[in-house]
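Q: Chain by chain, the residues run as shown.
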Amino acid sequence: MGAIFDNFGSGVIPLEGYIFVSLIMFFAGIYGFLSRKSLLMILISIEMILNSADINFAAFNRYLYPDQMEGFFFALFTIAISACETAVAIAIVINIYRNLNNVEVDSLHELQEPEPSETKVDL
Amino acid sequence: MNFLSIFVIIPLITLLALYAARNRKQINLIAATGATLLLILSGILTYLYLHERAMGNDSLMLFRADILWYAPFNIYYSVGVDGVSVAMLILTSIIMFTGVFASWRIDPLPKEFFLWFFLLSSGVYGFFITIDLFSMFMFYEIALIPMYLLIGIWGTGRKEYSAMKLTLMLMGGSALLLVSILGIYYFSGGDTMNLLEIAQRHIPVEVQRYLFPLTFMGFGVLGALFPFHTWSPDGHASAPTAVSMLHAGVLMKLGGYGAFRVAIYLMPEAAHEQAWIFLILTGISVIYGAFSAVVQTDLKYINAYSSVSHCGLVLFAILMMNETAMTGAVMQMLSHGLMTALFFALIGMIYGRTHTRLITEMGGLMKIMPFLGVSYVIAGLASLGLPGLSGFVAEMTIFVGAFQESDTLHRILTIVAVTSIVITAVYILRVVGKILYGKVQNPQHETLSDATWWERISVVTLIIAIVALGSLPLWISDMIQNSIMPIVGKLMAAL
Amino acid sequence: MEYTLYILILPLLSFVVLGLMDTKWKPVVAGTVGTAILTIVAALSYYTAWEYFSTANLNGTYQKIIAFNTVWVQFNEHLHIDMGILLDPISVMMLVVISTVSLMVHIYSLAYMKGERGFERYYAFLSLFSFAMLGLVVSTNIFQMYMFWEMVGLSSYLLIGFYYTKPEAVAASKKAFIVTRFADLGFLIGILILSYYTKTFDFGILTSCDANVFASFSGVTFMGASALSWAMALIFIGGAGKSAMFPLHIWLPDAMEGPTPVSALIHAATMVVAGVFLVARLFPIYITFTPEVLHGIAYVGAFTSLFAAVIAIVQTDIKRVLAFSTISQIGFMMVALGVSGYGGQAGTGYMASMFHLFTHAMFKALLFLGAGSIIHAVHSNEMTQMGGLKKFLPVTRWTFLIACLAIAGIPPFSGFFSKDEILAATMHFSPGLGVIMTFTAGLTAFYMFRLYYRIFHGKKYQTTNGHTPHESPVAMTLPLVFLGVVTIFAGFIPFGKFVSSDGGYYHIHIDPTIATISVVVALAGIGLATWLYRKENDASAAVARKFNTIYRAAYHRFYIDELYLFITKKIIFKRISSPVAWFDRHIVDGTMNGLASVTQWVSLKIKGFQSGKIQHYAFVILLGTLIIAAIVIFI
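Respectively, the protein sequence lines represent chains A, B and C.
Per the numbering used here, residue 21 is the first one in the first sequence, and the count goes up by one each step.
Per the numbering used here, residue 23 is the first one in the second sequence, and the count goes up by one each step.
Per the numbering used here, residue 126 is the first one in the third sequence, and the count goes up by one each step.
Since the hints were made in silico from the structure, they are not lab data.
Remember, predicted model here, so these are calculated numbers, not experimental data.
We treat Cβ as the ideally placed atom computed from N, Cα and C, and that holds for glycine.
Any given hint could be a false lead.
[Said to hold, decoys possible] Not the full set, but computed from the structure, chain C residues with beta-carbon under 8 Å of chain B:
1. Trp197
2. Leu279
3. Tyr289
4. Thr290
5. Val295
6. Phe302
7. Leu317
8. Phe672
9. Thr674
10. Ile701
11. Ser702
12. Ala706
13. Val713
14. Asp714
15. Met717
[Unchecked claim] In silico lysine-lysine, DSSO-like type, Cα no more than 27 Å apart, as pairs:
16. Lys133(B) with Lys47(B)
17. Lys189(C) with Lys622(C)
18. Lys389(B) with Lys699(C)
19. Lys189(C) with Lys291(C)
20. Lys694(C) with Lys57(A)
21. Lys149(C) with Lys239(C)
22. Lys461(B) with Lys239(C)
23. Lys695(C) with Lys461(B)
24. Lys239(C) with Lys515(C)
25. Lys149(C) with Lys291(C)
26. Lys660(C) with Lys516(C)
27. Lys291(C) with Lys389(B)
28. Lys461(B) with Lys516(C)
29. Lys149(C) with Lys389(B)
30. Lys461(B) with Lys151(C)
31. Lys461(B) with Lys512(B)
32. Lys291(C) with Lys151(C)
33. Lys389(B) with Lys515(C)
34. Lys461(B) with Lys699(C)
35. Lys695(C) with Lys291(C)
36. Lys57(A) with Lys239(C)
37. Lys512(B) with Lys324(C)
38. Lys671(C) with Lys660(C)
39. Lys622(C) with Lys461(B)
40. Lys694(C) with Lys291(C)
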């Protein structure tokens, strides 16, 4: 952590800086994923997690292997995948909203078994 | 392309053809064609087999073929038949044939019914032709799973419960089998799953002591070994006619066949050591099933308990481990398969008319439906061991064989088993007297019709088979005995 | 003599054809076909007898001829069941008896069963029975005999239950089958023991009594008796079941629910003597190795004979009287076998037993057919419904009288000669037993004439159903007359010339003392019956009152049936089967269901972990990852 403060104002952003940002983004995403009730917010949280990974890709590539491009390609690839994923997810969310008028995760238990007390199977 | 594989392929082709069928007429036609082809094929096989043997081919298994399909574990699809498997294949074909005709008017979903039915049969055929432990296990599972759906969907009464119970208990048995098959594989050298090759090896006796009971119990569950038989009464009572026929007629034989082919053949030392435990259990099965059948009121329960008794006799005879008794065991498998199939077919037909299976609610049916009545009497007589019908030959071969073992335990158990012929007579005649003779109990039964043509085909085929086996037993008992001799030789060598 | 095979094949064929055709053929066609085939069989049997007795005699002894033999099933290198035809004096004699009586019954039934529902089925069953019984007597080995034994039991079951809508008939048929089946269990175990030690089923080897064959029996004992004694005693139990020896006799009186001609054929003349035939067949083994079992047979026979005679006195159903008389007469045959010696003139009992079997078959068939004719006329089995029938049924009456005289042992009727030989043999063996048997013979005369008088004499016949009884048609009276003639003359056959214990010549001579005593006793019995029953009077009722207890006990057949009922209903059903079934449903099945319930309970308990909420899962995953990471980093 010390490197950030050592080089502060020198014009060079150290690797730790990028990792620090991405760490914050990652845990913010995790927090959002765990605590939010709306499917849309959960989706945004997942995007944040993915983006934090992208930042790491780019940063590691730049600092560790400056003469290669794999990290950037991977970042782009991830962005493309996450775009697709989001499209699918949003489609599902919209369908859920159309059917249930609701996008809260807690209210989605159509496929869940009823509570144990009601299901005494005859054996 | 091996000749024997056709037995597995025909059901699969029939499956595809059924999938394309559009109405009930086509479905029935396809199913009947498939079953008939299988019947003809088993006839050809028998002829070829006897011909080969007559030509002096005395290798243990005929028509051998191997196809590697999973190299890391040396799993082959290997096929081959001896006299015992040929007998079982004939039995399966006859019961498939009659089963199709017995379910001519199955409702609902006839197409799906036959799909599962033929899938089941391909598993059974595969089990009997294969001599690779793993393939055997796989076919066993193929035969097991469709049973759940067949009972659960097309059954009667508490069908979901029965289907679940039957499947779980049999799966439990197959779990034991899987353990023992892997054990046999590793301790026999770990480089082959082939029965014939393992039989050449020696599995350490300490290992056999653990593997033998696992294997025997695993197959014993399917062979209705006391106290693992309780799936049988409920399962048979709930199953639709053709499934009861196939299950009691053929699937229960998988247990006896496997116990004999895998458990005893591969682990003779442990078999000799532990036979007495299982002999006592099977002895109990024989007498216990018979006594239980005496007081039942549901026709299918009576027959299910009678199956427990008769299949107990199969395992009992196998454990006697001499040539005569083992031949008797295979004969009993054939005989029990045929007559129990006949029973279940007839019970299904009677139930389809009277809509009850309780013997207290029926009476005087002989007068109303003479064909079914007479057939029921014939089935009953076969079951109680009347000379000229199949039961007699099988039971007498077992008793004579069992009597060759002269120590006290064997003697006592044999005499106990022999008494079952009286108890069998009691419950068979009780049923016949109650439902067929006497006065008509329910006036609505007066107008019921006798058997239709497809029912007649089914019943007559079975009766012919029973009479043929019972009055001319020599050729088939010779065929079986010749195949059993090498196995008994190995058992004797292990003493 | 391969043509003897047709004696078996033809009835079997007849059974199959008639059975398959069933109602497709008119009754008259079925009846004619059945009777015609049996006529051929009878002719073949007579020809066989003629050829056998005229050619098989070598140096004064009859040889055993194996006319046909083929392996039916092979058990191991020693044991195999053969199907074959063995001709020796007793089997040839039985062929003649069976085919004669069977033919008579076939002819008789044409009229008796006319118009019955299931007429075709009836003839099919008769053919089946003829096949099985003929096969039984010509068996070459004990297992073949056992097979036909079972088949005979089956045809008996089917014919007793012929009127299957009548509950009594169904119950009777069931009882007959199960009781004899129980006895056959003994037979089977006996065969198994015998074959285990001797390594053969073959009669030829067994009855040669070669010491080597029986050598492996030596020293093998069980509960104080030798294994061979056990085997032979168990085999006798089989014979006792079929031949209705006490206490396995209970099925026979009930078997009278079947059609009367069937009773004549199966339950009087042929099947019930199968047990006697069995003992006679194995006689050399009994006499050589296990004389104690043979003596046991004699005592069982004597007791049964007396016991059944006492019961016969008080029965009122005419067929029941005849049934008990049959039991009693079979007892005579058993006694004769039991007391017999072996070879030459010592084999009196053996010869007498076979002779009595022969004559008894004829006159008992005659009695039953006569009874059938009476029942046909008055439509009742009860003596109380009869009386004074002599002027309505002249042919029946005279033939019936001949048979009664024969069974009572009055010369010159056939029964006298055979019974006299039995009494002579018994006296020779043990005077005590001889006295008992003579007394029983007296009782026989008494109850037969009680029967005769109460049917044909006494009160005037009063019709209850509005029509006068009339003599039966020719098809029925013809067999009566034929059998009557045989009964009169059969006694003069030099029977010892044909059948004896060792196949040699046995010279019959009548001991004047014993003959006189037996005739006097028989006449006393007849006289008593004449006094009590000839004219309707109170004497019989007075006697019955005097012996009230024993009268009632005998009337209820000494409560043996109740005992059996108690054993089956109370012991087997209530005490064994029901608990077993309960145990199965609740303990064995309960354990399985219990396992399932426990599994379900456990899974319900741990089900909470799988909440179905994705955020819970994600949280647990995260936590797990952190913990694992911490472990990896810090440890």
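Q: Work down the list of hints and note, for each, if the structure agrees.
A: Results of checking the hints against the structure:
no.: 1; hint: Trp197; result: holds (6 Å)
no.: 2; hint: Leu279; result: holds (6 Å)
no.: 3; hint: Tyr289; result: holds (4 Å)
no.: 4; hint: Thr290; result: holds (6 Å)
no.: 5; hint: Val295; result: holds (4 Å)
no.: 6; hint: Phe302; result: holds (6 Å)
no.: 7; hint: Leu317; result: holds (4 Å)
no.: 8; hint: Phe672; result: violated (38 Å)
no.: 9; hint: Thr674; result: violated (34 Å)
no.: 10; hint: Ile701; result: holds (6 Å)
no.: 11; hint: Ser702; result: holds (4 Å)
no.: 12; hint: Ala706; result: holds (5 Å)
no.: 13; hint: Val713; result: holds (5 Å)
no.: 14; hint: Asp714; result: holds (4 Å)
no.: 15; hint: Met717; result: holds (5 Å)
no.: 16; hint: Lys133(B) with Lys47(B); result: holds (11 Å)
no.: 17; hint: Lys189(C) with Lys622(C); result: holds (16 Å)
no.: 18; hint: Lys389(B) with Lys699(C); result: violated (32 Å)
no.: 19; hint: Lys189(C) with Lys291(C); result: violated (46 Å)
no.: 20; hint: Lys694(C) with Lys57(A); result: violated (72 Å)
no.: 21; hint: Lys149(C) with Lys239(C); result: holds (17 Å)
no.: 22; hint: Lys461(B) with Lys239(C); result: holds (23 Å)
no.: 23; hint: Lys695(C) with Lys461(B); result: holds (26 Å)
no.: 24; hint: Lys239(C) with Lys515(C); result: holds (24 Å)
no.: 25; hint: Lys149(C) with Lys291(C); result: holds (25 Å)
no.: 26; hint: Lys660(C) with Lys516(C); result: holds (15 Å)
no.: 27; hint: Lys291(C) with Lys389(B); result: holds (12 Å)
no.: 28; hint: Lys461(B) with Lys516(C); result: violated (39 Å)
no.: 29; hint: Lys149(C) with Lys389(B); result: holds (16 Å)
no.: 30; hint: Lys461(B) with Lys151(C); result: holds (26 Å)
no.: 31; hint: Lys461(B) with Lys512(B); result: violated (57 Å)
no.: 32; hint: Lys291(C) with Lys151(C); result: holds (24 Å)
no.: 33; hint: Lys389(B) with Lys515(C); result: violated (39 Å)
no.: 34; hint: Lys461(B) with Lys699(C); result: holds (26 Å)
no.: 35; hint: Lys695(C) with Lys291(C); result: holds (25 Å)
no.: 36; hint: Lys57(A) with Lys239(C); result: violated (93 Å)
no.: 37; hint: Lys512(B) with Lys324(C); result: holds (24 Å)
no.: 38; hint: Lys671(C) with Lys660(C); result: holds (20 Å)
no.: 39; hint: Lys622(C) with Lys461(B); result: violated (54 Å)
no.: 40; hint: Lys694(C) with Lys291(C); result: holds (21 Å)
Violation of the numbered hints given earlier is confined to hints 8, 9, 18, 19, 20, 28, 31, 33, 36, 39; the remaining hints are satisfied by the structure.
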